[in-house]
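Sequences and hints are given; from them, build the entire structure.
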Amino acid sequence: MLRIENLCSGYGGFEVLQNISLEMGAGETVAVLGPNGAGKSTLLKVISGLLKPTSGKIYFEGRRIDGKPSHEIVEMGISLVPEGGRLFPELTVYNNLLVGAYNKRTRRHFKETLEEVFSLFPIIKERQNQIAGLMSGGERQMVAIARALMSRPKLLMLDEPSSGLAPKIVASIFEFVKEIKERGYSVLMVEQTVKKAVGLADRVYLLESGRMVFSGDQTSFLNNPKIKSSYLGI
Amino acid sequence: MLILNAVINGLLFGGVLALMAFGMNLMFGVVQIVHLAYGQFIMVGLYLVYLLTVLYHVPLLLSCVLAIIAIALLSVLCYYSVVKPLLKAPPINQLLALAGLWIVLENACLAFFGATYKGVQVVLPVLHVGEIYIAASNLIGFGVGLITLGLLYLFLNKTYTGVAIRAVAQDTEVSGVMGINSRTIYLITFVVGGALAGVTAACFVPVYAVHPHFGSAFTLLAFIIVILGGMGNLIGGFIGAFIIGVVTSIGSTLLNPEIGQIIALLICLLIIILRPQGLLGVRART
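If you're matching them up, the sequences are chains A and B in order. Counting from 1, one number per residue, gives the positions in the first sequence under this note's numbering. Counting from 1001, one number per residue, gives the positions in the second sequence under this note's numbering.
There may be inaccurate statements among the hints.
[Unchecked claim] Derived CB-CB ranges, DEER-like:
no.	chain 1	residue 1	chain 2	residue 2	range
1	B	R1183	A	T54	17 to 25 Å
2	B	L1280	A	E126	27 to 35 Å
3	A	T54	B	K1158	14 to 22 Å
4	A	E126	B	A1217	45 to 53 Å
5	B	L1062	A	N129	41 to 49 Å
6	B	R1183	A	F118	46 to 54 Å
7	B	L1061	A	T54	53 to 61 Å
FYI, nobody ran anything at the bench for these hints, they're computed from the structure. Every residue, glycine too, gets a C-beta built ideally from N, C-alpha and C.
And the structure:
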């Protein structure tokens, strides 16, 4: 479904991603882990078209998407939940969801998609007339995920969904991710909180200073001695 | 009683000012540029109405409608020729380019229409209730201004395109990830902003005669209102317009029109010094 080959990218001559390759199949949940500044968010930015790669290729369902503008990439079925949610603060929750379904492919299905999203997040239905900027961090994250689902993505990308949230709220956010996964979405998740993310993932990649240093399934990740000592603290 | 008259007429005039400032404010909020030639668009609108009505004998209302459409098209032309090539340029380049457009439009009008005042003779009554005198021209401007702003409110809150315009103004990057092509939204914003300059011109027809330097005063006035309310803050601009309307009206009535302008500029300076983000402004986005 998604294949990344030898991708390099960065900001103004500074190379953040060096020779990244990644592959994920339809229906899979993949976690990209790594410390702060490893390039995890940059990777999602490049896939979603916010940042141009300097070299390398990205294929989505067999079609090359690297270098395409972000609004075309959404149209193809990739949706990003930015770090911290980044809702449109002065719009109501409802209008945020409306913007989420802006692309041509999904706009005419707005009503039915909205019902689906409400069934997943019943609390959002009650809060739909609230101004997004006035909600709590956890609620904003939830609405941001809902907004991304409004574009009926085939691939949902989450940029550090747990960042800045209290542990209890993080747990409930991961519950939602699990439910989304169970509904058959492919999920590409970037995280710092290793244990929770690994628990959900079919496959795990580890990114360190812009390079992929590990890829494998859950068990091989958890049993890798080097990872054990530096990431799991065991 | 004199002051009450001034306040009422100032409030009425504020309706048109609010409309005028809204266009500039919208373009700043969405495209992040200060449209320095905005008043000149209004000026061209007034010249077009003059041209159509006086020289080609087109009925006044029809020429107003034609002028509004023409200014919207001029705005599209301005977007493609001046703004779009400079979208990623430093702000000072954008500012200079639009200031250049200001000079071009002023001199084009000077060359084409000459330096004398041109106007459409519209005689509208002055209504009076007791001792309060209201110019019907102000009343029309106020009505048109509020109706147009009401329609804009519905557009920006209830339609897909309108909500997308606000989304781009609030977070351009994320709106792209939502599937919004910001370039399309910029173009729509210029159409709307241009049409607003045209409607403002139509409201000014019974009030002012036009001359080649007509636009600069209104670019400045629109800019003052936008600063007063907080740049990009549409509600702030709305309130600012009425404040400026009333203050200039009182100043002109009690002293003279120049004093009214000076007071408006003083208010602008005070705001910049004391509350640079404007009355309802928020901190600059990073």
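Outcome for the supplied range 53 to 61 Å, where the beta carbon pair is B/L1061 and A/T54
For A/T54 against B/L1061, whose Cβ atoms are near 58 Å apart, the range 53 to 61 Å holds.
Just to be sure I understand the hint, the distance between the Cβ atoms of B/R1183 and A/T54 should be within 17 to 25 Å; is that true here?
holds, 24 Å
Cβ-Cβ distance between B/R1183 and A/F118: within 46 to 54 Å?
This hint is violated: roughly 33 Å between Cβ atoms.
Would you say the C-beta atoms of B/L1062 and A/N129 sit inside 41 to 49 Å of each other?
holds, 42 Å
Beta-carbon spacing of B/L1280 to A/E126 - inside the hinted bounds 27 to 35 Å or not:
Roughly 29 Å apart at Cβ, these two residues keep to the hinted range, so it holds.
C-beta pair A/T54, B/K1158: status relative to the range 14 to 22 Å that was hinted
Violated - the Cβ-Cβ distance for A/T54 and B/K1158, about 43 Å, lies outside 14 to 22 Å.
Given the hint of 45 to 53 Å, is the C-beta distance from A/E126 to B/A1217 inside that range or not?
holds, 51 Å
The structure does not agree with the numbered hints 3 and 6 stated previously, though it agrees with the rest.
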